[in-house]
Amino acid sequence: MSLIVFLRLSRDQGGCRLLRIAQAFDSRQWSVIASASAKAAIVSIALPLVGCGAGGFSLEKAEVDRSILTSSTQASAASTDSDRDSDQTTIGNAVSSADIEQLSGQAVPWANTGTGSRGSITELAELKDRGQTCRRFKASRESFDGVAMFEGELCLAGAGGWRMQGFKAL
155 MSLIVFLRLS
165 RDQGGCRLLR
175 IAQAFDSRQW
185 SVIASASAKA
195 AIVSIALPLV
205 GCGAGGFSLE
215 KAEVDRSILT
225 SSTQASAAST
235 DSDRDSDQTT
245 IGNAVSSADI
255 EQLSGQAVPW
265 ANTGTGSRGS
275 ITELAELKDR
285 GQTCRRFKAS
295 RESFDGVAMF
305 EGELCLAGAG
315 GWRMQGFKAL
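Everything in the sequence shown is counted per the numbering used here, starting at 155 for the first residue and increasing by one.
Worth double-checking, as some hints may not be accurate.
Stated by the list, open to error - For each label pair, taking beta carbons as the anchor points, the in silico distance ranges come out as:
#, residue 1, residue 2, range
1, ALA323, LYS282, 41 to 51 Å
2, LEU223, ALA261, 42 to 52 Å
3, THR243, ALA216, 47 to 57 Å
4, GLY312, GLN256, 25 to 35 Å
5, GLY312, ASP253, 17 to 27 Å
Honestly, the hints are just simulated from the structure, not real lab data. Note that the structure is a prediction, hence the values are computed from the model and not measured. Think of the CB as a built atom: it goes at the ideal place given N, C-alpha and C, for glycine as much as any other residue.
Construct the entire structure; sequences and hints are all you get.
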């Protein structure tokens, strides 16, 4: 057994007294603590096992939960088509409003804030075929579903409007 003690001399009482400041555990106290810790560990391991053995979980009764239904595939396909149509309109607006002479072969950037897509229009050329003015182009599209290249043709229709004649993925 080990004790930590300090001497304090007391002159007014005429003698020397021992004042106990701190005391370490003796061997008997250690055995009590070790025994209690072992019992607590056994109980904490045994309780979950008893719960499982009491019929709380059975592999024979386990089944697939059929109540969970998702339709994420169909919804994303429909939104992808509408996003592509919206991007096609945005690309058409950029092609129709571009000043080809001033561009001198430079790419025209475009962005659709509604879909989050963006890209650039290259190889923009204006052609006159049988009295009709058309613009041919290639466009890139960077979106959440990947990067794609398209080729298209936009022609001047009546009343100064432009109409997309062709727009296909490369």
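Legend entry - Hint check, failures only: 1
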